[in-house]
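Undergrad: Chains L and S supply the protein sequences, listed in that same order.
Under our numbering, the residue at position 587 of the first sequence is numbered 617, and the numbers go up by one with no gaps.
Under our numbering, the residue at position 224 of the second sequence is numbered 228, and the numbers go up by one with no gaps.
Hints in this document: simulated from the structure, not taken from any laboratory.
This one's a predicted model, so the numbers in the text were calculated from it and none came from an experiment.
For each residue, glycine too, the CB sits at the ideal point set by N, CA and C.
Among the clues, some could well be false.
As the list claims (entries may be wrong) - With beta-carbon atoms standing in for the labels, derived distance ranges: (1) L:Y339 x S:E53: 58 to 64 Å; (2) S:V91 x L:Y339: 28 to 34 Å; (3) L:T55 x S:K373: 20 to 26 Å; (4) L:T55 x S:A205: 27 to 33 Å.
As the list claims (entries may be wrong) - For lysine to aspartate or glutamate, the following EDC-like pairs were computed, each having C-alpha atoms within a straight-line distance of at most 16 Å: (5) S:K251 x L:E169; (6) L:K244 x L:E84; (7) L:K148 x L:E169; (8) S:K251 x L:E84.
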Amino acid sequence: MLKQTNQFKAPVFKDHRQEREILVTRTVFAFVVVILFFILLLSRSWFLQVVEHENYKTRSNNNRISVQRVAPNRGLIFDRHGVLLAENKSVYSIQVIPEQVKDINKLLDKILKLKLVKESDLTRFKNKMRGTRRFKSIELITRLSEKNVAVFSANGHLLKGARVEAQLVRYYPFKNMLAHTLGFVGRINEKELNKIDTVNYRATRFIGKVGIEKYYEALLHGKIGSRTVEIDVQGRAIGKAIKETPPIPGANIKLSIDIKLQQAASKAMEGYRGAVVVIIPRNGDVLALLSTPNYDPNSFVTGISTKDYAKLTNSNSQPLFNRALRGLYSPGSTIKPMLAWVGLEKKIITKNTTINDPGYWVMPTKEQRIIRDWKPTGHGSHVNVSTAITQSCDPFFYDLAYKMGIDLISSEMSNFGFGRSTGIDMGEELKGIMPSREWKRSARNLSWFPGDTVNVGIGQGYWNATPLQLANAIGLLATGESRHHLRLAMEIQEGEEWSAISPILAKQQPDFGDQKNLNIVRKAMEKVTRFPWGTAKTAFKGATYKSAGKTGTVQLIKMAEGEEYNKDEIDTKFHDNAVYLGYAPLNYPEIAIAVVIENGGHGGESAAPVARAVLDKYFELQKQAKNNNKPAENQ
Amino acid sequence: MSLLSGDMSDRRNKGFAAKLHIDLPLLAGLLVLMGFGLMVLYSASGGSELQLRAQIIRLVIAFGAMIFFAWIPPRVYQKWTPLIFTVGIIMLIAVLLVGEVGKGAQRWLSFAGFRFQPSEIMKLAVPMMVAWYFSERRLPPNFSELLVAGVLIILPSYLIMIQPDLGTSILIASSGAFVIFLAGIRWRVLISLLLVVVIYAPIHWLLVMQDYQKQRVLTFINPEQDRLGAGYHIIQSQIAIGSGGMKGKGWMQGTQSQLEFLPERNTDFIFAVLGEEFGFTGVLLLLATYLWIVGRGFLISLRAQETYTRLLSGAITLTFFVYVFVNIGMVTGILPVVGLPLPLVSYGGTSMVTVMVSFGILMGIQTHKKLLPG
Chain L
31 MLKQTNQFKA PVFKDHRQER EILVTRTVFA FVVVILFFIL LLSRSWFLQV VEHENYKTRS
91 NNNRISVQRV APNRGLIFDR HGVLLAENKS VYSIQVIPEQ VKDINKLLDK ILKLKLVKES
151 DLTRFKNKMR GTRRFKSIEL ITRLSEKNVA VFSANGHLLK GARVEAQLVR YYPFKNMLAH
211 TLGFVGRINE KELNKIDTVN YRATRFIGKV GIEKYYEALL HGKIGSRTVE IDVQGRAIGK
271 AIKETPPIPG ANIKLSIDIK LQQAASKAME GYRGAVVVII PRNGDVLALL STPNYDPNSF
331 VTGISTKDYA KLTNSNSQPL FNRALRGLYS PGSTIKPMLA WVGLEKKIIT KNTTINDPGY
391 WVMPTKEQRI IRDWKPTGHG SHVNVSTAIT QSCDPFFYDL AYKMGIDLIS SEMSNFGFGR
451 STGIDMGEEL KGIMPSREWK RSARNLSWFP GDTVNVGIGQ GYWNATPLQL ANAIGLLATG
511 ESRHHLRLAM EIQEGEEWSA ISPILAKQQP DFGDQKNLNI VRKAMEKVTR FPWGTAKTAF
571 KGATYKSAGK TGTVQLIKMA EGEEYNKDEI DTKFHDNAVY LGYAPLNYPE IAIAVVIENG
631 GHGGESAAPV ARAVLDKYFE LQKQAKNNNK PAENQ
Chain S
5 MSLLSGDMSD RRNKGFAAKL HIDLPLLAGL LVLMGFGLMV LYSASGGSEL QLRAQIIRLV
65 IAFGAMIFFA WIPPRVYQKW TPLIFTVGII MLIAVLLVGE VGKGAQRWLS FAGFRFQPSE
125 IMKLAVPMMV AWYFSERRLP PNFSELLVAG VLIILPSYLI MIQPDLGTSI LIASSGAFVI
185 FLAGIRWRVL ISLLLVVVIY APIHWLLVMQ DYQKQRVLTF INPEQDRLGA GYHIIQSQIA
245 IGSGGMKGKG WMQGTQSQLE FLPERNTDFI FAVLGEEFGF TGVLLLLATY LWIVGRGFLI
305 SLRAQETYTR LLSGAITLTF FVYVFVNIGM VTGILPVVGL PLPLVSYGGT SMVTVMVSFG
365 ILMGIQTHKK LLPG
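This is chain L alone, in the form it adopts within the complex (with noise of 0.2 Å):
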């Protein structure tokens, strides 16, 4: 029989009876061949598992080296004195393996009569248990008191199968006060689970939820240890280990933060809702930083009940909203100092420019819009740059951010660091809206129109920022230096040596020249708080050191033409937001401060007050680390 087996090739003649053959036999030999292969497989499985079982049971009986994972302690978290902020407590929880366990309704009918647990936890544990495989060990109760501690080592004997287990777990001392800092870490969630490294998380239970927790969490960690033991027939460590590998532990951080002066800031601004950053300008150090209502971070550490979290979530008062990195508030009257000093020094008015304020201002364009000062009546018809920062006068400032546009406050704004990012670590800030003609443009496909930028003169319309922002720029017009980014870790420990974090320095930064015009503002702002006229003087009365400062009152709501703003008519969530920024001493600037309270009513009336509070802990906390240090040097 011929075949052409390819159309392309000549013909190959080939034996298909004799290829038949050939294949056949072939492949029977190989099935031949397999199956005593199987066989050998099968006996070799029966003289594992049948003849040499008794063995291999006894083996597997006694097998008793194991090797276990530890978890490294987490990395300590202290103020700038070596206060600790966040620390790592023992917690004991009572664990049950079922497999240990003869009767487990006995054995938990006896640890509820001890009154260990509830009913509850009970329940909770039985249905955890038909979820779990009988070698796992299972939680019963978290978080048992030293006396039940006590209790149940006393009872041990009738509990067996039963244990309790001590574990470190975060704990942060100041509570409420630093909850939207610090953040706080809570056990590892599905998301979370599958951007670790599961190798080193492999014995860690929580992670940094939020805050420097989370910021740092890689730091924080540290790296995981292991223990080679002997261990018993259920799993249990005998003895010593055989083999160890410590964990290494997390590094500890050192924050700017001075626990004392937030403490201060914290009882100042008992009551409002809002925020209080203190900074260094020289290096962006955070001294304070502050929102408030807050929480307490440690209800989220082993998990918060439904019903308490629910509590925070739906408060109108929002507990958990950071407002000193995500609160965006109209700066209000508090850049006035800041456009001032724009305004001399590209020109445009000079120490002695006045105008006529009385009581509005008539916009220069076609329809003449007429826009009101705060102050009916107002200022007067000679009012200078000086007075008009000192009394806060609106028309002034109307007619200098019409005379220098949007374009040029825009530009020198972002160098102040507004709708920028602080650079702060922690992950969260908002940027703010300073606006632009591109800005209003992409974001609300609208031109620019004159009346935006005299909106945008009082610090009000689009313009954005959060009390970081506004610490940041008034502490930039306070030394007349370069703008550092705002940093809370200042050191780190890893291992034995601490390391110092060098400050990082902003890539946009305002060409402050000769610094003749700053002073020129800051005489100013000086008198804010000094002079009978000044808008924060009665807040600054009698203050042991001078310090210089601008307040903010900042309308929620429009009121129509002619109508008056009568604060006891109003729904209170429509008061005035209330701004301070200052700075102290005045000779040589070393803390610049931003105080926002919601609805606070006049900036002079509730937000200076609270930094007045705040400045006098610190040059009293200055005063007494000058105290210390004297005997020291005498020695």
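Model the placement of chain S on the given structure of chain L, informed by the hints.
TA: Same frame as chain L, now just chain S:
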């Protein structure tokens, strides 16, 4: 449906399966294997639904590939065999030049966002090529034809060996060698070749083998000398299997597996989990399933109509058997540890699709038959 049911079953299978070109006895074997495998995997992974889900997705994709290849008539890839082989060789060279390094070896090639191992293609392309070469010639092959076939096998094997991926290289070489064997290489030639290997082995040990490879062989010979090191795998897996006894310790109840004494229990050493938890009964069931699949493969080979399909189906079946044998042999301690997964049972593995494609080809060979005159 008996394994040995011949043409009878073909006539009865004219329903849905026939239209899809599915071979029902083979399908049944594969499904039993996969079902059993998933059960063992769930236990071996410590009850991880995540792994279970990932494995099911992988199996479904591989299943799709099988159905697709079953649908292609063998004629088609017979015609394309030289081209597939050539492209495969080019890709192997490309891997060495521009390939991605993974776990210390260059095995991956990225193409249009896809990442794949050309060596996977060669697992099928090599037996296909050798079968194609012999199908064009008279059988049994003469000496010069054997030489050509040898080159066709050694070239890709060498390229894979220097990636380096010795395991895959040996498997591919053996899949080609099976075709030569089935094509009727004379016994005396075969025996002389085996002699050469026996003589060469000590030379290879002394001059070529890396220390870690030598260690594996030494540990295999005497695992107790390194109880906590390389011998640990072998000892623990034998304890697991042996302690399983006749009936096993029960699903998810194996102390060796669940207390994590057994390393790589969801991948290469999954057979030990099965042995511990299901005992000799489970081992018997698994081996019977594999034997059913292999037996069906041989039957398909015997009943194939052309030299090419006969050789190819025989080689595919033998290669699959080698996978099974090497893995179980390694886990039960009669072969050294070489790091091969248990086909269609071990977790993951890029080879799953290749294995299922080869079963698709087997099914195609069985179902795309011409009616022969008389």
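Undergrad: Which earlier hints can't be squared with this structure?
TA: Hints 1, 2, 5 and 6 contradicted; others consistent.
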